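S.K.: What follows is the residue order along each chain.
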Amino acid sequence: MALNTEPRGAQFELDPGKAPRRREIVDIAKPPLHTISLLVRNKPGVLVRVSLVFSRRGYNLESLVVSPALSVEGTNATPGEFSRMTITCSGDRDALEQIIKQLEKLIDVVHAIDHTGQPVIESEVALVKLRAGIGDRTEILQIAESFKATVSDFGVDSVILRCAAGTAKLDVFIKLLMPFGVIELVRSGKILMARGAQAT
Amino acid sequence: MLTKATSGGDIVIQCLEREGVEVVYGYSGGAAMPIFDALVDSKIKFVLVRHEQGATHMADGYARASGKPGVVLVTSGPGATNCVTGLLTALMDSVPMIVLTGQTITSMLGKDAFQEADVTGITYPVVKHSYLVKNADDIPRIMREAFHIATTGRPGPVLIDLPKDITQGPCSAPLVETVDLPGYHVPGRPDPALLHKTAGLMAKSRKPVLYVGHGAVIADAGKAILELATKLNAPIVNTLLGKGACAEDHPLNLGMLGMHGTAYANRAVEHCDLIVAIGARWDDRITGKLSEFCPDAVKIHIDIDVAEFNKVVRPDVSLAADARLAIEELVPLVDALDTADWLKEIAGWRKQYPLRYPKKGGLRAQHVLDRLDQLGGRDCIITTDVGQHQMWAAQFCLTTKHRHWISSGGAGTMGFGFPAAIGAAMATGTPVWAIVGDGGFQMTLCELATAKLQKVPVKILIINNSYLGMIRQWQELFFDNRISGADLEGNPDFIKLAAAYDIPGRRVTRAGDVDKAINWAMAYNDGPCLIEAEVVKDDNVFPMIPAGAPLSGMIVEKPKTKMEKPSGST
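Chains as they are written, first to last, in our numbering: chain F, 2 to 201; chain X, -5 to 564.
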């Protein structure tokens, strides 16, 4: 998993009934990773429809997280009626603008917002199963401590560490553990939330 | 008398009646039987077709001719999958359509039951929206939502998958009036600030062009656009599907633009300094090579679908609105432009590059279509199939009335023309000419039975060159005349074929016989009739802008030197 810093990207506003406006600051470093959060109606097939928007254009998703949304401003949402999706994908600016619009065009998508480059709170959880022989154990635990990771499983030859952090920090954590021999790695995918009054 | 409890199927039919549906096209099958049973007691007319594809195209033609949604009812499995092409055709051309498909019982979903198919899964990319009904009480809400989605904003097909136990079992839910769709927004009135910006940009233009597409037909914006054009003194060009929004015989109308559009329409677009897209989407057939398309012209895009802005072209103003409302509000904000020189230049191009065809050397499709146009074609609805005949019909059959031109544009579906004509005739009662090629006609000719039964005044004009003409043309121009997969040997005797369905037919082989045949068909309105025109086998459609070439790469006759293979798509 490559180390990357989030480049600043485009920001879109789409109001119904108005033409889209766009403010952008672009760093041309490497193909940017964009994170899009969607508020969708929890109907069967909504995930498929969202994925098709990407796959039709040949784009791959880096991560995708879906879970029930608890509250939706401005509606009397019943529990389970809405879900939030957080999708991380790569793509250039023009492609991304089209993708956001095509996502918003879906009947079951209430809104899709590109949060790339914005000051959002993001978080991800990783479970790492490592080979942990007697000699390596201390070092592994030291790394775990500095990343505030916890030990979820302690076996004779292996150990499972659980770490929750921002995506970039998690990338570093995993990179540091690689030399010990990672047996399995499962990441939860990135979730995010906008700060203050901004909607996610 | 035993009163039947209301079943899901009964409610489906009641909802259709509530929505004002008068005709349903379809084909029966096991999984849809409860709905078919409910149809018996309904005043809705059911048209039993001969292939589900025909049903979808009939509903499509019905919708395009009337503006009301077309409705299809088919069974599960292969019945539903036979509708995929029709759904694609409707989606690409923004046609309101409701497709009801039967489905296996809910407990057998996903278990490879008889005639079971994952219809919602198969059709996700070819519908505007779709539903799989799992609870009979959802039916009224779903039906209302489906009609709302299909007919508002940018229209499109909506599919409703109805399992047999749902339609057979009881349903006690009341019909609903309102919809709650938080994720669905439809732009209405335009933003006044953007309108003023548009008017300001227009005021600076000396070479404007109004580029009119299907959205103008759907919004019935033709009258407003003509008002705008005459006020500005700006010429109009229309897309294949924009034909009929503004009368093509108006002096300011330059006809169709694009790959096989008129030379003067393309020249006007090539040299304009302002182009206003009204309900059009800058399709690749229109723009040619994008990097060289109107690089210095100001572009205004008026569209009801926000996703079309910046998709192909970056406009200077993107106006999200209903086309008619936008133009109506724009007219008072603009003044006449100084376009005398521009219009003179365009008149010069018209004289330099008229649409023309050889008068000698055998019967030409262009001659047949030209005569049809002169002998009352403009009062009839014209549908076409796909291919060379479609392009010639677009060039020579001028559309002067709203919703009098029906053709598969975005999808280019062969087999569309004839069933669409049946739907259009049933929707309006107006006589319809279905201009088809020998290739496309054979794809859906089984509907001759349907046409005969419904006694529709459809005149089938088969432009028979025994080839897939458009393919042959491309192979002649770009592939060293290596003909591959374009030779239609073994065509039947179309007159005998029609007679087998008890449909009268005439064959035309000479230019001199054309008028008589057309007049005969115009007078025969007791049902369908057929004219087969045996035309020159190796004719080419000109002008032509090869795919991926810029507008300046337009050719008006076959070049003497060999041409490069086109870089654009298809």
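Quick caveat, the hints were computed from the structure, so don't treat them as lab data. The structure displayed is predicted, hence computed values, not measured ones. A couple of the hints might just be wrong.
[Stated by the list, open to error] Derived lysine to aspartate or glutamate pairs resembling EDC-like cross-links, with alpha carbons at most 20 Å apart:
| hint | chain 1 | residue 1 | chain 2 | residue 2 |
| --- | --- | --- | --- | --- |
| 1 | F | Lys106 | X | Asp174 |
| 2 | X | Lys305 | F | Asp95 |
| 3 | F | Lys44 | X | Asp174 |
| 4 | F | Lys44 | X | Asp112 |
| 5 | F | Lys44 | X | Asp131 |
| 6 | X | Lys128 | F | Glu82 |
| 7 | X | Lys559 | X | Glu470 |
| 8 | X | Lys283 | F | Asp95 |
| 9 | X | Lys283 | X | Glu558 |
| 10 | X | Lys293 | X | Asp329 |
| 11 | X | Lys293 | F | Glu82 |
S.K.: Can you confirm whether the C-alpha distance between lysine 283 of chain X and glutamate 558 of chain X stays at or below 20 Å?
M.R.: holds, 15 Å
S.K.: Holds or violated: lysine 293 of chain X and glutamate 82 of chain F, Cα atoms, limit 20 Å.
M.R.: violated, 42 Å
S.K.: Measure nothing beyond the straight line between the CA atoms of lysine 283 of chain X and aspartate 95 of chain F; if it is 20 Å or shorter, mark the hint as holding.
M.R.: Measuring from Cα to Cα gives roughly 18 Å; hence the hint holds.
S.K.: Holds or violated: lysine 44 of chain F with aspartate 112 of chain X, Cα cutoff 20 Å?
M.R.: holds, 16 Å
S.K.: Is the Cα-Cα distance between lysine 128 of chain X and glutamate 82 of chain F 20 Å or less?
M.R.: Between lysine 128 of chain X and glutamate 82 of chain F the Cα gap is close to 16 Å, so the pair holds against 20 Å.
S.K.: Does aspartate 95 of chain F lie within 20 Å of lysine 305 of chain X when you go C-alpha to C-alpha?
M.R.: The given pair, whose Cα atoms are some 8 Å apart, holds under the 20 Å limit.
S.K.: Sort out whether aspartate 329 of chain X lies within 20 Å of lysine 293 of chain X, counting only the CA atoms.
M.R.: holds, 18 Å
S.K.: Decide if the proposed pair is consistent with the structure: lysine 44 of chain F and aspartate 174 of chain X, CA atoms, cutoff 20 Å inclusive.
M.R.: It holds: about 14 Å lies between the C-alpha atoms, which stays within 20 Å.
S.K.: What's the verdict on lysine 44 of chain F and aspartate 131 of chain X, does the C-alpha distance respect the 20 Å limit or exceed it?
M.R.: holds, 16 Å
S.K.: Between the alpha carbons of lysine 559 of chain X and glutamate 470 of chain X, is the straight-line distance 20 Å or under?
M.R.: holds, 11 Å
S.K.: Regarding the pair lysine 106 of chain F and aspartate 174 of chain X, is the alpha-carbon distance no greater than 20 Å?
M.R.: holds, 16 Å
Violated hint: 11 only; the structure is consistent with all others.
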